[in-house]
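Engineer: Sequence:
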Amino acid sequence: MVRDTSLRHARRSVAEGEQRLERGDIAGAERSFWEALAALPESPPSDLSDAPAAGPDTGPGTGPEARPEADPEAAALLAAARVGLGRAALAAAEPGRAVPHLRAARQARPDSADAWYWSGCAAAHSGDHDAAEDHLTEAARREPGRARTLVQRAYVRVRLDRPEQALQDLRAAGRISPLDTDDQWLAALLALRSGEWRAAASALRRLLDQGPAERAPQALALLAFALERQGELPAALSAYERVLADGHRDDRVLLRHGLVAYRLSRYGDSLRSWTELSGRHPERARLRTLTAQATYASAAEPLRRKDFESAAELLVRSEPELTGQAHPPQNGASGAEGAASAAGASDAAGAREALERLDAALVELHLYAAWDAAAQREEGGRERARRHLGDAVWRRPDDVRALRALAALECHTGSHRQAAALWARALRLRPEDARARHGLALCRAHTGQEELAVRALAAAPRTDADAAPDVPSAQALAALHIRAGRWGEAAAVLEPLPPGDVRDALLAESAYRSGRDGGDDRTGVWRAAAHCRAGRADAARKALRHLGNGASVPPGAEAPYGADSPYGADGQQHRTEAPHRTNAPRTDTPRTNAPRTDAPRTDAPLPTTAPATAAGARPVRETGLLLRQAALNRTARAVAAPGDEADKLWGAASALLHAGRQLTPGLGGSSVLHAAVLLRGGRRDDALEVLGEAARHAPTDHRLTHPLAVTLLNTLNAAKGPTSEATWERCIATWTSVLHTDAFWRDLRTHAVRRYEESLPRSADESLRNSFRGYLETWLPEGAPGAHPRLLLHRETEAAEALAESGGFPLPRAAGGPPLVCGPLRIAELGLQERFGEFVAEQGAESTRARLRTWFSQLGVAHAQLVAGRPREALEALTDLRCPSCRGVRSRGRTRPGAGRVAVWKLRARPMACREGCGRFDEFNPAYAALPDKFRKLSDDAVALALDTLLTLGLNHLTDSEPDFAEVASCWREAMGRAQELGSVRETQGVIAEMALGRAETLHRAESLDAAVAVLETAHDLLDGDEKGRVQGQLAAALTDRGIIAANNDPQRLEQPAEDLRRAADLNPHLLRAQLNLGIVLRVLGSYRMRDRRLADALALLQEAIDRLNQTLRRSPGNEEVERLLEETLADMRGFL
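First residue of the sequence shown? That's 1 in the UniProt record's numbering, and the numbers climb one at a time after it.
There's no promise every hint is true.
Label-pair ranges, simulated between beta-carbon atoms [what the hints assert, rightly or not]:
hint, residue 1, residue 2, range
1, Leu255, His412, 43 to 51 Å
2, Pro1069, Arg1091, 29 to 37 Å
3, Leu208, Arg12, 42 to 50 Å
4, Asn1110, Arg1053, 24 to 32 Å
5, Arg703, Gly774, 19 to 27 Å
6, Glu838, Arg483, 46 to 54 Å
7, Glu834, Ala213, 52 to 60 Å
These are calculated hints, taken from the structure and not from any lab test.
Every residue, glycine too, gets a C-beta built ideally from N, C-alpha and C.
Hey, can you work out the whole structure from these sequences and the hints?
Structural biologist: Have a look at this one:
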């Protein structure tokens, strides 16, 4: 048996070797293990080269150290030492040196699983995987619960290409204890290799949750592959996209991502991946084919969005790979011919068929893309359309649609020769194409080849001699005749055509221009024009009035044109009194801002369109021009005519001019001249419409606004009865704008110099402005409904001055001219509320914005009342700020706030305002139009103005000769309520305190102490904080003065002075004057009570005097006057007792 000392030494050495091996001290571990072997008597020599060689390693119990009779503990230590030496050799990467030690360990302890395990590891490291599998199997048999043995055998079996057995080992090990990350990776990979997709996906998900971040992309890619093989394509695509998004763009990932995306119809995604992959490997034809297929398929997405241009570009990119055509065909060869020559004879038919299908799709896409680009009217759209149409024509030269579309585009862009060539090609392919024939004729006409154009239209094929003529071709031919001035030929072409709006209109005008009697005119308007041309203006007006009433022109009213007609039989004009203008601007559509025609008329309205066709306005315009010219001719005669004849001529001229303007409302002309003619002919309302429309187009042109203002004022002067509110409001608005226009005063000074030969200084402008404003006030009506006209004039004037100080209101670019200076009525009349609101919001100074908001809103009338010294009326105006629509007032005028109501401001904290979303709010409050919370802002500003008005009203009551302090208190109380709502209580209290203190001081100096005390008492009851303290101190002083004066004036009646002094002393205990005089009055009053035998009262008064004097001494110690008075009072008390 081995001695106990040797065993302990061997045991300690083995333990030290294990520890050193764990720390990585391989050399130290080997020394310890050798020391353990040396301590054992049966140990072999230290150099294993002396040991006898072992035979074949076939099992346990062989070798020199297999001593079954040895001590078991010594055998165990021997085996442990040998295993330690083998592990140290493995750690030193010397598996050959480890094999003998591990063999010796197996011989020493054949049943040691540890020896077999490490022996299997050494065999694996040596490359002997079969022996490694055997040794690890023996280890597993001896210790079945050791998971690490199964894991190592799994790795060995992987090397032996037995993945199923390796996966079984790993799963068995996992059931014993959790596998580490590397083992789980191996299990997942083996599951993928075995086709167990669901198990592999589950394992990879676990690895993603717990594995290291550097392996996450690989795990995610493998998971995507597993999901793909399971058929879960959306999840697989999402996983591939996450891998790519993390920057791991491996070739296999790109390939698989493209395949999955393609299967899910995500062609754009597959195209991006395969394009990148093909760029890495341009030599791989299969990748180029995949990219082309994805390119072709991805055209479906832009096609669904109707992005035809992008779809066409994608198809063109896919063309070379899909059809085998590496380059576009040259020398004008078509797509099919080019493909056949490029592909060779063997596959020419297949290439041609593929390219023809692609060409057909591309032609359709090019056509749609061209139409879309042209319809959007974007910059460069025409060029894109031309490019697409050119490609379509190149691919399908016989496609008439592409030829016609490209020809129309070239014609539209002015390339008439190219367009003519294209129209000719289309016409050769389809001779019966009327559209191509029209286009060809149009382009030839544009290039000056009108005879060729006429010949092209005249050569239209007729399949049957008795067939009806081609209407479009005939109309186009007539248009060419009309363009050349051949009205007779045009009429001859149009007459055989079937009736229709276009044909009838053109035929009627052709007959009129050629000098015929207008019998072909189905509308009668050209007949009226013929009357006018012949100088029969009254007959023309009669014919038009018949048409306006829905009747036809009586045949008897017509007369053939004879020698007096300005047009001869050849249709050429002979200049008479009314020159005919054929190039005047078209007026097919009436202007939206045309003068109103809803005012009462003494004559029936004339038709302005007849018939409702494209050419319907032409006869109306022609007749209107002729009527205008006739009116001006009669005006010239009326100027030179005497008396009654002139009046008749003026009346006729105004009637003709009115009729002409009715027919051509947007044609313009001299507005001032037309208004003068209408005024002289007794048509004041029509003149106002003419001037008003002109002034709306040029609001700052005083040459238009001044005549309008004069006409409005004359309308007020000439009125025999009450005038409408709208009339004098318009008069006020216009005159305010004129009087604040600098150009008006400049012209006035220039005119004064020219007429009176004396210059007018600029300083006289304001005096003249005020004088005229006073003159205007004398003509404004009294007792008008709503706001008083003079008050409204004041509001407009103040608003205009405020606007002038801010530089004026810049008009929109379309109106032009200098900045406009006017009031809110003019802003509303011009419809510039929104732009004016933006202008106010852009002002830099808050004071400027506040002033403009006040005057250019419903607050302006109230502020005008306040400025005029009528604060109560201002409060009444602030009670209701609603527009007439929200108030339910059916009035065309502007009924102003406060009209016909009693003052209810004391009962309502906020005024009544327009409802949210009111459509007329901006009209009455233009300065608020651009504010997002304009309704609330107006209400807040109204409350602020009411606060100022209440303070003003309170001050008025306070400064009356006989102040009503109840009203003062009421006004201040209401003002405090508004201030609390606005969050300005402290500021308002300061204002009230200043009012009260200032007024009390004035009354005090005037020796009106009762009034001064009343003022201070009123304020004292309302205030608090510091302001209350200020008023309280002044009130104490006033009460003291009043008590002293009353006591001195009547020493026998001291009750009221005593009460005043008591209050003064209580309000301000530090007021020595009040405390001292109160002591004197109480002492004297006590003596009076003793004299009257009212001993209890006398005692109480003296005791009160003593108490108050003692308190005064405590506040003012050492005051001799107080001490002396206290001694005298105490003496009186002692004498009494």
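Engineer: It remains to establish, for every hint, whether it holds in the given structure.
Structural biologist: A quick look at each hint next to the structure:
no. : hint                           : result
1   : Leu255 to His412: 43 to 51 Å   : 49 Å, holds
2   : Pro1069 to Arg1091: 29 to 37 Å : 31 Å, holds
3   : Leu208 to Arg12: 42 to 50 Å    : 48 Å, holds
4   : Asn1110 to Arg1053: 24 to 32 Å : 27 Å, holds
5   : Arg703 to Gly774: 19 to 27 Å   : 25 Å, holds
6   : Glu838 to Arg483: 46 to 54 Å   : 48 Å, holds
7   : Glu834 to Ala213: 52 to 60 Å   : 59 Å, holds
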